[in-house]
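Engineer: Each chain, written out:
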Amino acid sequence: MTLFIEQCLNGLQFGLLLFLLAAGLTLVFGIMDLVNLAHGSLYMIGAYFAATFAAWTGSFVLGALLGLVATLVVGMAVEVIAMRRLYGRDHLDHVLGTFGLILFFDELVRLIWGPEGLSLPLPSWLNTSVQILPGVQYSAYRLSIIIVSLAVAGFLYVLVMRTRIGMLIRAGASNREMVGALGVNIKLLYTLVFGLGAALAGLAGLMQAPILTVQIGMGENILIVAFVITVIGGIGSIRGAFIAALLVGFVDTLGRAFFPDLLRLVLSPNAASTAAPALSSMLIYLVMAIVLVVRPEGLFPAVRK
Amino acid sequence: MSGAPTVRNIVVSVLLAALALLPVYVGLGGNLFLLTLFTRIVILGLAAVSLNLILGYGGMMSFGHAAYLGIGGYAVGILAHEGIYSGFVQWPVALFVSAAFALVIGALSLRTRGVYFIMITLAFAQMAYYIIAGLARYGGDDGLTIYKRSQFFAPVDLTNKMQFYYLCLALLLGSIYLVHRLVNSRFGLVVQGARSNDLRMRAIGFPTYRYRLVCFVIAGTLCGLAGALIANNTDFVSPSMMYWTRSGDLIIMVVLGGMGSVIGPLIGAVALLVLEEFLSGITEYWQIILGPLLLLVVLFARGGIDGLLSKIRAKVGP
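Residue numbers (the numbering used here), protein chains in the order written: chain A, 8 to 312; chain B, 534 to 851.
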């Protein structure tokens with residue numbers, strides 16, 4: 008039972024982390040109609056920046072904050088230099104152009120930081136476990152990821168639903184020409200939205216960094232998972248992304264934890280232990296395929312035009 | 534593909550002649566590495582041609598096309614691992630399994646449109662990737678070495694590099710011809726009509742879903758053939774050949790070469806792989822050049838290389 012609670016919390020933590028990544032992706036898609044494969048690169052860059060700054064300043068928190076700001080700046084620069092020119096183009100062009108950006112960023116990181124990964128060590132005050140229920144210990148760091156991600160999700164909700172800039176974002180998503188015609192500086196708005204998405208991706212990357220190592224290509228696997236989430240949730244819908252991210256987080260984590268045992272009930276132990284890792288990696292894609300077959304527009308399709 | 538001596542037709546003719554005569558050059562004491570490189574180019578060219586059938590003509594943006602490379606390759610690899618070396622068994626199995634996979638995922642994916650289609654094909658390809666990476670008996674993540682190439686009747690010997698190259702080239706040209714005939718047939722016109730305006734095609738009375746599905750299956754089967762060839766070329770198959778970035782490479786070839794013609798993807802495959810080889814000779818960090826270059830092609834060279842060549846004709850021609 009303790010294990011089950013712990014795995015549920017891990018699922019929640021992973022899901023919330025994925026939400027940060029997927030929120031940026033779905034915002035950029037919903038508002039600029041841009042398929043951004045390079046989103047995973049921003050996730051990677053956030054982790055690299057944070058690891059570097061943390062090593063320089065000697066402080067985890069300071070390193071993370073600096074890394075976040077640096078990723079935001081990189082994101083806005085990428086928007087101004089490259090992405091801006093892709094708006095209004097075919098989705099295929101987006102796929103190809105941003106695929107080129109992935110190659111560029113992977114190689115740039117290899118050039119600057121070298122082919123070996125970095126590590127981002129946790130400070131001692133986070134590297135402990137806390138008692139969350141009588142007799143149930145849980146990693147303080149994972150718990151803080153959950154808290155930070157929930158806070159960011161809340162911030163996003165307030166930003167999008169309760170502020171002027173959020174109103175413009177929503178207006179831009181439903182009719183960009185009209186928003187532009189009403190005198191809103193749509194270019195600046197797009198740059199800000201892209202930067203926000205980049206910062207969210209960077210935040211996800213740097214929070215994940217102490218759990219996994221910081222390495223080249225770390226963004227590519229998780230990018231696909233983030234896409235799966237945006238598609239399940241309905242592209243452009245932040246609420247959908249939130250629910251889908253939690254769904255995927257739970258399915259993936261609990262699948263990896265308990266699927267092998269379930270398989271052992273029907274298969275021989277040997278066959279189960281060899282088939283389980285592959286089958287549990289497949290689970291989220293299976294969920295997505297089922298969702299798309301039943302609801303081709305995702306669970307919460309954003310209202311379009 | 535008319536015979537008028539335009540810049541584009543000259544370039545295409547030179548390219549085809551060069552591909553046909555390459556083994557002669559290598560046989561005369563040229564670099565054997567060149568033959569290995571171009572065998573790979575020809576095979577991936579075949580894969581790109583098959584992708585172009587659905588991407589360029591059908592408007593179906595499949596982001597999971599490398600899955601068939603893996604499926605075709607593993608069909609050969611697994612049969613060889615089990616001691617069945619006959620190409621007359623291996624290759625039809627490779628084609629059949631690819632076709633069956635395409636039929637299933639096509640039937641489900643074609644219910645969706647646009648970005649959803651991109652993502653669902655990607656998801657199915659990733660599922661296939663994880664299934665194959667989970668086949669512990671056949672090497673799992675580490676891949677599977679093939680100790681004997683596919684065997685056909687007496688004079689045909691795939692271990693002979695030159696024979697194998699010509700076999701691949703013949704299959705490539707055959708596929709280009711097939712795609713050419715297909716897209717100009719009634720079937721091809723319906724598929725292209727569905728790309729332009731599906732609603733109108735259905736209103737006229739064409740069950741476009743079925744046409745698109747058949748097109749999807751043909752493309753998958755052709756790519757499965759390329760997979761079987763790759764397995765024989767490298768004597769090794771691994772899940773990495775069907776990872777999603779491989780599908781990205783195939784899309785690059787198609788778009789770089791030009792989606793508007795049957796020969797474009799071949800031009801793209803040659804251009805991309807030769808460029809990769811060239812850049813990696815200059816610097817270890819060659820992708821830092823290739824990446825922005827792709828972005829520039831997307832931004833400024835719509836229609837790809839083939840499109841650029843055709844534009845030259847428009848300027849020079851009478």
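Treat the hints with care, since some could be wrong.
Claimed, not checked - Now the in silico label distances, taken between C-beta atoms and shown as ranges: (1) A:P128 <-> B:V637: 53 to 59 Å; (2) A:Q14 <-> B:R714: 33 to 39 Å; (3) B:Y618 <-> A:L293: 31 to 37 Å; (4) B:Y618 <-> A:Y94: 49 to 55 Å; (5) A:V165 <-> B:G647: 48 to 54 Å; (6) A:E184 <-> B:R714: 40 to 46 Å; (7) B:R644 <-> A:N277: 36 to 42 Å; (8) A:L269 <-> B:F811: 36 to 42 Å; (9) A:R171 <-> B:V637: 27 to 33 Å; (10) A:G190 <-> B:A551: 54 to 60 Å; (11) B:V622 <-> A:L269: 51 to 57 Å; (12) A:P303 <-> B:F566: 33 to 39 Å.
What the hints assert, rightly or not - Below, a sample of chain B positions facing chain A; criterion: calculated Cβ distance under 7 Å: (13) L643; (14) T645; (15) G781; (16) I821.
Since the hints were derived computationally from the structure, they do not count as laboratory data.
Backbone N, C-alpha and C fix where the C-beta goes; we use that ideal spot for every residue, glycine too.
Engineer: None of the hints should be skipped; say for each whether it holds.
Structural biologist: Results for each hint:
At roughly 47 Å, the beta carbons of A:P128 and B:V637 sit outside the given window of 53 to 59 Å. Taking the beta carbon of each, A:Q14 and B:R714 are about 56 Å apart, not inside 33 to 39 Å as hinted. Taken as a hint, the range 31 to 37 Å holds for the pair B:Y618 and A:L293, whose Cβ atoms sit roughly 35 Å apart. Distance hint check for B:Y618 and A:Y94: the Cβ-Cβ separation is about 53 Å, which falls inside the suggested range of 49 to 55 Å.
Separation of A:V165 from B:G647 is about 31 Å and departs from the stated range, judged on CB atoms against 48 to 54 Å. With their beta carbons about 43 Å apart, A:E184 and B:R714 fall inside the hinted range of 40 to 46 Å. Against the hinted window of 36 to 42 Å, the Cβ-Cβ separation of B:R644 and A:N277 comes to about 38 Å, which satisfies the hint. Take A:L269 and B:F811: their Cβ atoms lie about 51 Å apart, and the range 36 to 42 Å is violated.
The hinted window of 27 to 33 Å between A:R171 and B:V637 is violated, with their beta carbons roughly 49 Å apart. At roughly 58 Å, the beta carbons of A:G190 and B:A551 sit within the given window of 54 to 60 Å. For the hinted restraint 51 to 57 Å between B:V622 and A:L269, the CB-CB distance of approximately 36 Å leaves it violated. Hint check: A:P303 to B:F566, Cβ distance near 48 Å, so the stated range 33 to 39 Å is violated.
At its closest, the beta carbon of B:L643 sits 10 Å from a beta carbon of chain A; the interface hint therefore is violated under the 7 Å criterion. With a cut of 7 Å, the hint placing B:T645 at the interface with chain A holds, because the nearest CB-to-CB distance is about 4 Å. With a cut of 7 Å, the hint placing B:G781 at the interface with chain A holds, because the nearest CB-to-CB distance is about 5 Å. With 7 Å as the threshold, the beta carbon of B:I821 comes within range of chain A, its nearest partner Cβ sitting at about 4 Å, so the hint holds.
Taken one by one, the earlier hints fail for this structure at numbers 1, 2, 5, 8, 9, 11, 12 and 13, listed in ascending order.
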